[in-house]
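Peer 1: Sequence:
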Amino acid sequence: MSTSLSPYLGFDGVAREAMEFYRSVLGGELTSSTFADFGASQDPADQDRIMHAQLVTTNGLVLMGSDTMSSVPADTGSRITIALFGEDDAELSGYWEGLADGGSIIEPLVASPWGDRFGMLVDRYGIGWMVNISAPAV
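1 is the number of the first residue of the sequence shown in full-length UniProt numbering; add one for each residue after it.
Between beta-carbon pairs, the in silico distance windows are: (1) Ala137 <-> Pro7: 25 to 33 Å; (2) Asp101 <-> Phe38: 26 to 34 Å; (3) Ser93 <-> Gly128: 12 to 20 Å; (4) Asp88 <-> Asp37: 29 to 37 Å; (5) Ala135 <-> Ser70: 42 to 50 Å; (6) Phe38 <-> Gly86: 32 to 40 Å; (7) Ala137 <-> Asp12: 39 to 47 Å.
Simulated from the structure, these hints should not be mistaken for lab results.
We put the beta carbon where it would ideally sit given N, CA and C, even for glycine.
Assemble the whole structure, with the sequences as input and the hints as a guide.
Peer 2: What follows is the structure, given as structure tokens:
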């Protein structure tokens, strides 16, 4: 088995909604389990919260996430930025449009000084995304 690295996003009670949103943008199969599914919390407020969700797309992207337990303060100050990059303009432009819906564009997806198309945005859940579409080889 090979080693993999995947982003794991933390949410405060909106993991189900956020992961469904990412599935609608990126496609693929989403699986999720609640804290109740595993008896992982005795707090009734946690029972329907997502303990683990995993989105696997047909082209191999893997995005994971979960809710914090209600007794754990949500950390909103130390977010990561997720980078999507490749050569398929239609695919990556589609991801950009979907992720931008309800979010804020930081840098528009335009030609960059290094020749690729590049943009940055923050989606409706406060997650930063960078999209880089490689320039065609000449």
